[in-house]
Amino acid sequence: MIFPAAHGKPIARPSLHGQTVMRASSTHHRRRIGTCMRYVLPLTDPVLQTVDICVTLSGLRILDNVSIGIPEGTITGLIGPNGAGKTTVFNVISGFVKPESGQVRVDGRRLKHIHPHNLTQLGISRTLQGVGLFASLSALENVMLGGSSRVKSGIIAQALAMPWTDTEQADLRERAIAIMTELGVESDAGRLPGELPYPIQKRVALARALVSDPKILLLDEPAGGISAGDMADLGRLIKSWVPKRTVLLVEHHMELVMEVCDLIWVLDAGKVIA
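The sequence shown begins at 0 in numbering that gives the first Met the number 0 and counts up one residue at a time.
Simulated from the structure, these hints should not be mistaken for lab results. Just so it is clear, the structure is predicted and the values come from calculations on it, not from any experiment. We put the beta carbon where it would ideally sit given N, CA and C, even for glycine. One thing to keep in mind: the hints can contain errors.
[Said to hold, decoys possible] Cut-off 25 Å, straight-line C-alpha distance, at most; resulting in silico cross-link-like pairs (DSS-like, lysine-lysine):
no.	residue 1	residue 2
1	K111	K97
2	K97	K243
3	K111	K214
4	K238	K214
5	K270	K111
6	K270	K97
7	K243	K214
[What the hints assert, rightly or not] Computed spacing ranges between beta-carbons, pair by pair:
no.	residue 1	residue 2	range
8	G101	A177	35 to 43 Å
9	P115	L191	20 to 28 Å
10	S135	S239	29 to 37 Å
11	D232	G129	16 to 24 Å
12	H112	G72	20 to 28 Å
13	T180	G228	17 to 25 Å
14	G58	A231	38 to 46 Å
15	L56	G228	36 to 44 Å
16	A177	L56	37 to 45 Å
17	A177	R235	17 to 25 Å
18	F133	K243	24 to 32 Å
19	R60	G193	34 to 42 Å
20	R108	Y197	36 to 44 Å
21	A177	H114	25 to 33 Å
Modelling step: build the complete structure from the supplied sequences, incorporating the hints.
Structure representation (structure tokens):
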């Protein structure tokens, strides 16, 4: 685990089972992760934790006893080269991939049956590497899908049924518009994803992840395909979400990672190396 020494600010150092963790060099942390000081930290309980997760696909070990913890109210990075297993960690937490062994814990409680459709009921939401928007639904309807677990009836059918007659659906629509306003895309609510520039699509996807008001937010490559200016805006947005939310961030843009993250886990070849 690495603690970025950004801006000279003091950084809280929650820990996991006395593991040795690392703090990045304050002088060269934007250019490389090296020259580290080591700390051994006391035991604390993370809000989200993977314990000895193993995943094998087509005979290839993708994750090998991966144990990471995300302290509550922090922005935690998960980095590593392509193929390191970062997105697979997200897919295990999200229920898209079932590990052959190991556990996912939220608030210290083991999650035995994780399914993507009930993820928001656990207070967890995620984005995808791309945008994953439904081409035939408007931006607003796509955002509303992120809150569908809180709606008793079929959201896709009802998202297309106007006017809004159900109070629960109307409340969801109001929340969706509020989130889109926060992200600066409310004027695009009625447009189809294919009509929107890619950076706007990314914000719509973020709004969809936020509309359920998650306690834990998993962001998978949120800066992919956006400009430096948009990335700076994204960094400010992510930092504004804590401490109300806990964020786990997978990202290749190290400048963004070092700017926003309180601590960082490093994966390589399916193993935690720092």
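Verification of the hints:
1. K111 - K97: Holds, at roughly 10 Å.
2. K97 - K243: violated, 29 Å
3. K111 - K214: holds, 19 Å
4. K238 - K214: holds, 15 Å
5. K270 - K111: This hinted pair holds, its Cα atoms lying about 23 Å apart.
6. K270 - K97: Status holds; Cα separation ~17 Å.
7. K243 - K214: OK: K243 and K214 at ~7 Å, within 25 Å.
8. G101 - A177: 35 to 43 Å: holds, 38 Å
9. P115 - L191: 20 to 28 Å: Holds, at about 24 Å.
10. S135 - S239: 29 to 37 Å: holds, 32 Å
11. D232 - G129: 16 to 24 Å: The hinted range 16 to 24 Å holds for D232 and G129, with Cβ atoms some 19 Å apart.
12. H112 - G72: 20 to 28 Å: Holds, at about 27 Å.
13. T180 - G228: 17 to 25 Å: holds, 20 Å
14. G58 - A231: 38 to 46 Å: At roughly 43 Å between Cβ atoms, A231 and G58 fall inside 38 to 46 Å, so the hint holds.
15. L56 - G228: 36 to 44 Å: holds, 38 Å
16. A177 - L56: 37 to 45 Å: holds, 40 Å
17. A177 - R235: 17 to 25 Å: The hint (17 to 25 Å, Cβ to Cβ) holds, given that A177 and R235 are roughly 18 Å apart.
18. F133 - K243: 24 to 32 Å: holds, 28 Å
19. R60 - G193: 34 to 42 Å: 39 Å Cβ-Cβ, so the 34 to 42 Å window holds.
20. R108 - Y197: 36 to 44 Å: holds, 38 Å
21. A177 - H114: 25 to 33 Å: holds, 28 Å
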